[in-house]
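Please take these sequences and the hints and turn them into a complete structure.
This is what each chain is made of:
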Amino acid sequence: GENVEQHPSTLSVQEGDSAVIKCTYSDSASNYFPWYKQELGKRPQLIIDIRSNVGEKKDQRIAVTLNKTAKHFSLHITETQPEDSAVYFCAASGGVSNAGKSTFGDGTTLTVKP
Amino acid sequence: DTEVTQTPKHLVMGMTNKKSLKCEQHMGHRAMYWYKQKAKKPPELMFVYSYEKLSINESVPSRFSPECPNSSLLNLHLHALQPEDSALYLCASSQRGTSGVLADTQYFGPGTRLTVL
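Taken in order, these protein sequences are the chains called A and B.
The first sequence runs 1 to 114 under this note's numbering.
The second sequence runs 115 to 231 under this note's numbering.
In short, the hints are calculated from the structure, not lab data.
Please note that a few of the clues may not be correct.
[Stated by the list, open to error] With a straight-line cut-off of 27 Å between C-alpha atoms, the simulated DSSO-like cross-links for lysine-lysine are:
id : chain 1 : residue 1 : chain 2 : residue 2
1  : A       : K22       : B       : K155
2  : A       : K58       : A       : K68
3  : B       : K136      : A       : K71
4  : A       : K101      : B       : K155
5  : B       : K152      : A       : K42
6  : B       : K152      : A       : K57
7  : B       : K155      : A       : K42
8  : B       : K152      : A       : K22
9  : A       : K58       : A       : K42
10 : A       : K101      : A       : K42
11 : A       : K71       : A       : K113
12 : B       : K150      : A       : K101
13 : B       : K155      : A       : K71
[Stated by the list, open to error] Partial list, derived from the structure: chain B residues whose beta carbon lies under 10 Å from chain A:
id : residue
14 : P157
15 : E172
16 : V174
17 : F178
18 : S179
19 : L204
20 : A206
21 : T212
22 : V215
23 : D218
24 : T219
25 : G223
For each residue, glycine too, the CB sits at the ideal point set by N, CA and C.
Following this line, the structure appears as structure tokens:
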């Protein structure tokens with residue numbers, strides 16, 4: 001089955017700095033890569049996603065890049081703000097053998113210091 | 115309605131109790147999911163229903179019993195749980211069924227915080 005590794009497990013940045021979180025996946029058939037933000041006690045919330053036919057996607061301060069050859073994808077947050085502090089999960093899904101399943105990374109706890 | 119709702123928000127139960135968790139969506143989504151999430155860990159898939167039929171059971175103990183009465187509702191029946199079953203139980207839904215090769219965005223409900231005493 002699919003295996004997703006996420007790094008770093010914790011990340012602390014100053015307000016205004018950029019933050020980058022990286023994930024690698026193992027199954028080349030995976031075709032959908034969402035990123036979720038989860039604040040304490042709340043649901044995982046989709047913040048951005050990318051499909052395997054696209055190399056980069058941007059939404060205001062958030063961007064995701066995908067390198068299919070290397071099987072890795074990254075989340076980039078620019079001009080970080082204290083409200084960006086949360087746990088971020090990447091996931092990989094798609095392909096016949098993983099139909100209906102999303103494999104999550106272990107999460108990154110992002111702390112943005114004011 | 116663009117939301118997945120779950121009830122109750124919190125549940126405390128003893129090991130001999132029987133209780134049920136409920137999940138509802140009115141987005142016309144054809145796949146619904148149950149996840150279990152422990153603190154500081156990613157969600158773990160438990161069950162998937164596609165077009166109201168159970169399509170994935172991730173070897174979950176029989177003390178958890180899912181039910182999909184119709185395309186909008188998903189229940190999780192709990193019986194004889196253990197303290198280690200205490201967790202956040204998340205429901206999610208996605209637009210298409212799960213038989214295709216292309217994966218779909220999953221939308222999560224707010225979860226039920228379950229405590230087993």
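Now for the hints, and whether the structure bears them out:
1. K22(A) <-> K155(B): holds, 17 Å
2. K58(A) <-> K68(A): Status holds; Cα separation ~18 Å.
3. K136(B) <-> K71(A): Judged against 27 Å, a Cα distance of about 37 Å means the pair is violated.
4. K101(A) <-> K155(B): holds, 17 Å
5. K152(B) <-> K42(A): holds, 13 Å
6. K152(B) <-> K57(A): violated, 31 Å
7. K155(B) <-> K42(A): Roughly 13 Å separates the two Cα atoms, so the pair holds.
8. K152(B) <-> K22(A): holds, 22 Å
9. K58(A) <-> K42(A): holds, 24 Å
10. K101(A) <-> K42(A): holds, 22 Å
11. K71(A) <-> K113(A): It is violated: about 32 Å lies between the C-alpha atoms, which goes past 27 Å.
12. K150(B) <-> K101(A): With a Cα-Cα distance of about 14 Å, the restraint between K150(B) and K101(A) holds, given a limit of 27 Å.
13. K155(B) <-> K71(A): Roughly 23 Å separates the two Cα atoms, so the pair holds.
14. P157: holds, 6 Å
15. E172: holds, 8 Å
16. V174: Status violated, d = 14 Å.
17. F178: Constraint on F178(B) not satisfied, violated at 18 Å.
18. S179: violated, 19 Å
19. L204: With Cβ-Cβ at 7 Å, under 10 Å, it holds.
20. A206: At 9 Å from the nearest chain A Cβ, A206(B) passes the 10 Å test, so the hint holds.
21. T212: With a closest approach of 3 Å, the T212(B) hint holds.
22. V215: Where the cut-off is 10 Å and the nearest Cβ of chain A is about 6 Å from V215(B), the hint holds.
23. D218: It holds, given that the least Cβ distance between D218(B) and chain A is near 7 Å, below 10 Å.
24. T219: With Cβ-Cβ at 6 Å, under 10 Å, it holds.
25. G223: Where the cut-off is 10 Å and the nearest Cβ of chain A is about 6 Å from G223(B), the hint holds.
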